[in-house]
Amino acid sequence: MNNSQAPRSNIRKKTERTLDIVNRGLSKRYRAERRFRLYGLLAIVVSIVFLALLFISIIGNGYSAFQQTFIQLNVFFDPEILAKQSLATANYQGLVKKSLRDMFPEVNGRQGKRMLYGIVSSGASFQLRDMVLTDPEAIGQTLKVWVPADDDVDMLIKGHFDRQVGEGERRLADRQLAWIDQLSAEGKIKKKFNTAFFTGGDSREPELAGIWGAVAGSFFTLVITLLLSFPIGVAAAVYLEEFAPKNRWTDLIEVNINNLAAVPSIVFGLLGLAVFLNFFGLPRSAPVVGGLVLTLMTLPVIIIASRSALTAVPPSIREAALGVGASKMQMVAHHVLPLALPGMLTGTIIGMARALGETAPLLMIGMVAFIVDIPAGFTDPSTALPVQIYLWADSPERAFVERTSAAIIVLLVFLITMNAAAVILRKRFERRW
Amino acid sequence: MSPTILLFILLVLSTCGYYIGRRRAFTVGGGTTGIKNLHSRPIYYGSLTALWCGIPALLLFGFWLAFESAIISHLVVADLPEAIRNLPAAELNLKVNKIRNLVSGNIIAGAIEPQIQAAADHYRSLKATSNAALAVVTISTAIMGVVILRAKITPILRARNGVEQIIKYILIGCSTIAIFTTIGIVLSVLFESIRFFQKVPLTEFLLGLKWSPQTAIRSDQVGSSGAFGAIPVFSGTLLISAIAMCVAVPIGLMSAIYLSEYAHKKFRAVAKPLIEILAGIPTVVYGFFAALTVAPFIRETGGILGLSVSSESALAAGLVMGIMIIPFVSSLSDDFINAVPQALRDGAYSLGATRSETIKQVILPAALPGIVGGVLLAVSRAIGETMIVVMAAGLAANLTLNPLQAVTTVTVQIVTLLVGDQEFDSPKTLAAFALGLLLFLVTLILNVIALHVVRKYREQYE
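As they're listed, the protein sequences go chains A and B.
Be aware that the first sequence starts at 1, since it is given in our numbering, and climbs by one per residue.
Be aware that the second sequence starts at 1, since it is given in our numbering, and climbs by one per residue.
Bound-form chain B, shown alone:
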């Protein structure tokens, strides 16, 4: 029985449970006139029955599905011949994948060994057993829930409180997902990073000047030594982010000042949404724009001026990234400028200051903490931005500060190392997780500081 059908059956059972519970409530209350004897309205008795029917079965179903494939693989591996079981982990993994592919009927390269075929049949039969068992167990759990609750329904059963309690637990469960996500992120990058740092020392990763993650497949191969010094990658990231900030901060800040202090209401109503369109454009579109239009333009302009510009120059990627961040800086600054109390402005005007003097000497200093927080958030976005740099920046890890040369970034390296087929314990693949850990930590620190500053600032004028 497929999981979808099973889910549907559970839904039907829960609906039945609802009606059974409600009917039972009427019966124990003593018919339609006896409703006043019940503690709660009959729908609560129904809902309670439905919840008792659905939730335990659903939990069981979820756990079963989550661990089914791991357990079955374990069982199949345990039954494989000695020779295969004693293979190194990577090769064993390959075999297991082959078995899985065979089971799902995918096309498989190469000949199929008889042991593998037998294992696949074994897998298939285990899977069938597991599916049947799952169906039986969940459906009987669901029915049991209904039966138990039906027996418990009496006029004094506090059905409403029960339902509300269950819903409250569901709400709590939903709100903790954020915590689990963070834990999941930390664990998933941490474990692989630890494995990486067992192969490559932390100091080499953080202080090394050469990045070339191509590891040798054969021991005598030339030029694929695998160097994991991440300094060029960091410097490239910082260079591109710095260029982006040089574009985004002045333009974003000035447009926010103009919109909030000078612009006519009608002008603001047109210009502000237009600028915000920039924020809604997907980054892949910016990446395409950078690679197709901006980079060739910069290269040709450089050529006219007699400069040699790489076709994947940091300038092109940084410039376009800056454009992407303009609305972010602008709308945050706008908020903070508007949050400065009118009294401060009036005070400055009454002393005879012009508007620009008021802005420069009163409003901006007052709004500065907020703006700094906003800029920090923007920096964290620039560092973590992926598609623009993947499409417009280079792969070669040059250690340079020249914006006309190609540099690479942390995100580009993560994408290139992880897209496509990977072997799961080569330092090359693991390096991506180490970079991911670093990216997560850096952006996390920036975000924490920025959010703290912003919150402090907001409280100041509230």
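Chain A on its own, in the form it takes in the complex:
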């Protein structure tokens, strides 16, 4: 600004007026103005570009995981093989191998056969077992069965596989590539919707790995979190906002709540490890412990949101209730709370969304184990969806990159749904007094 030059203007030539000085600097100032404005716009564009990159990278990597390559086998359910043991433990692997050998009779030698068996997933035998167990009629028949291909074949079909690399460095040998090309020429290789991804538990084999176990774990964890943090959070907010006297004690509580909201989440994990696991002896890897830790973590969020919802209720409502003879508790329960509830629910949903995406504290309490079984209760060992993402991200197979991204897509869909619900709730019930 040129204000500082104004007092000096009288020693300048009389013909030069202040206006001229201002006008001379004007174009420069306007340029600075435009530049500054551009920086602002640029900052926004940069953050949105980052957001777009993130989504493009995740979706680009992940969408193909919703499909899985299957190979068609002609399986003869040989009664001789199946009769040797009980139906549940029979040698179904043998059936798969035999049908592969029938398709490529020219393959011989141990190494060649092992290569041939390698193009089909080890999950194929379980699929055959389930077929026989649900329908014993199949025994003695020859059926066309679509079984999942090995993850390397899957990657090849999806185009994530470089054929130009030398044979020693890639995961499929030249002969295997030839067989796969032959199969796809015969129409015996097909991509189908990947149901195993949505219904299966974790697995070391990418083609069999699914997120259902992790989703169930997350569900149980969040149920505990919601059941504990919502009532406790609302109760704490009601006390602090409606009943608490203004004294040292309530000040201390408030400082604590504000601080806890900013404590790193991993510290809550340390708390869970030291208190819930080592002191109270609760089981490791259990959703109930995860729920407790996440409750402590989300409580400040819910309390702060609930308090602002309570302050938004105008005092006239309270005065009216007290005026007709309600007790303070009746005023809160019958009038203030129902009006503040939508705001509290919004805060709770946002808190739950944060809890759903939280990983670090769960690592501390052992919810990172490799767990194949689907958890069925609050004390079964389990993982959670974000932890599953972390575990898969560490796995070296290329097929897990795709599945990690797909799991992230699922997680983001949940989060977006929850946040959208919160926004809708707020829009619908928002009242301007």
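Bear in mind the hints are in silico, worked out from the structure with no lab data behind them.
If you're wondering where the values come from, they're calculated on a predicted model, not measured in any experiment.
Treat the hints with caution; some may be incorrect.
[Unchecked claim] Derived DSSO-like pairs: lysine-lysine, alpha-carbon spacing no greater than 30 angstroms straight-line: (1) Lys36/B to Lys28/A; (2) Lys246/A to Lys192/A; (3) Lys210/B to Lys36/B; (4) Lys328/A to Lys98/B; (5) Lys199/B to Lys246/A; (6) Lys168/B to Lys210/B; (7) Lys328/A to Lys266/B; (8) Lys98/B to Lys199/B; (9) Lys427/A to Lys95/B; (10) Lys158/A to Lys188/A; (11) Lys265/B to Lys28/A; (12) Lys191/A to Lys113/A; (13) Lys168/B to Lys246/A; (14) Lys192/A to Lys97/A; (15) Lys28/A to Lys98/A; (16) Lys199/B to Lys328/A.
[Unchecked claim] Facing chain A, from chain B, some residues (calculated, C-beta under 7 angstroms): (17) Thr141; (18) Ser175; (19) Gly184; (20) Leu190; (21) His264; (22) Val285; (23) Ile323; (24) Ile326; (25) Ser331; (26) Gly384.
[Said to hold, decoys possible] A short, non-exhaustive set of chain B residues, derived as facing chain A with CB atoms under 7 angstroms: (27) Ser2; (28) His39; (29) Ser40; (30) Ala66; (31) Ser69; (32) Leu87; (33) Leu171; (34) Ile172; (35) Ala178; (36) Ile179; (37) Thr181; (38) Val186; (39) Ser188; (40) Ile275.
Using N, Cα and C, we set each Cβ at its ideal position, and we do this for glycine too.
Starting from the known structure of chain A, fit chain B onto it as the hints suggest.
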């Protein structure tokens, strides 16, 4: 009887208590017409009965469950043969765990000694006794509550006041959980840290230049000396946080300025939620993005420029962390800029200042305390951020300021030291708690200062 069934029975008993109390109130009042003789509405008599039935029983139930396993283990250990009881604490712990596993029917590695089997049977029988006793005690407490209160119900009993008093105590109890959480955090990290500092002197931890927490299992092992000098870990944390701040503060601040001072209302309505989506994305997703997309990109770009970039460079982790923090800085700054009174802006405009001049010389200085507070909060988040660095930063504790090299952070070390099986008194495990204590203290100090500054600022213009 399993705890779930017991809880359900308590619920049913409380419901019954409610109806019994209400009926009793009608009776003592003298039928439906006599309600006017009662001090409170009949539902309050019912509720009071239900509360008296449920709460003492529930408290008992909670305490019992919390201390049951510790007491039973103590009893079982006391009954173990002399030879086992005199084992060192760590081995004894192992035995107790084995017994517990045996009880819960888990698969156990190795042969099962007869003493252990006997102890497990003992454990099981104690557990069964304890469960039965718990059921009897809680149910009789619940019934006693109902009986006592039913006898006390008279028309002059102030049931509403009683109920409200109890609810108020419940509310107070809920609000103190925040304090207990803080105490729990402090105690849980403090005790283990004290044990750590008994083994490793505080000065070595705070001033040592070498961090390699691998302790030797055998005494003659090479290369696993266990050095606990945390300076490289701190420097790594600061380096990554500094990079994150270099990304987040300018971008966050400029976008907040643009959104609040320049942007058209419609543009703001679109851009602001978009930026806030960044805040809602879980950190594990950022970590994956950093490790999969950003780190290779930076390494290749560095390769083209002739620089040697580590595949776990601090730059990648810091950059992505910065992106994560943008919305945090942006929305806080937005609040503070909007809180600057319009009169200040109008004053600057009337003197002929352009918009950018107003912003730079009037609004930003006025909003500065708030923005500084916001940035401090952001720094505390960057320091405590875990998943991005666990997935994208390294494990090797290099003492370097070069953003292209791999560094490690406090949170990464905590995670690597504590994930998986741990022995509970090795300095390696305890070091994680010492780092946790430090992390908690540093973020606490930052938060206290920041919240204080922010509150002072808010009051200034209110």
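> Can you list which hints this structure breaks, lowest number first?
Replying inline: 1, 2, 3, 4, 5, 6, 7, 9, 15, 16, 17, 20, 21, 25, 27, 28, 29, 32 and 38
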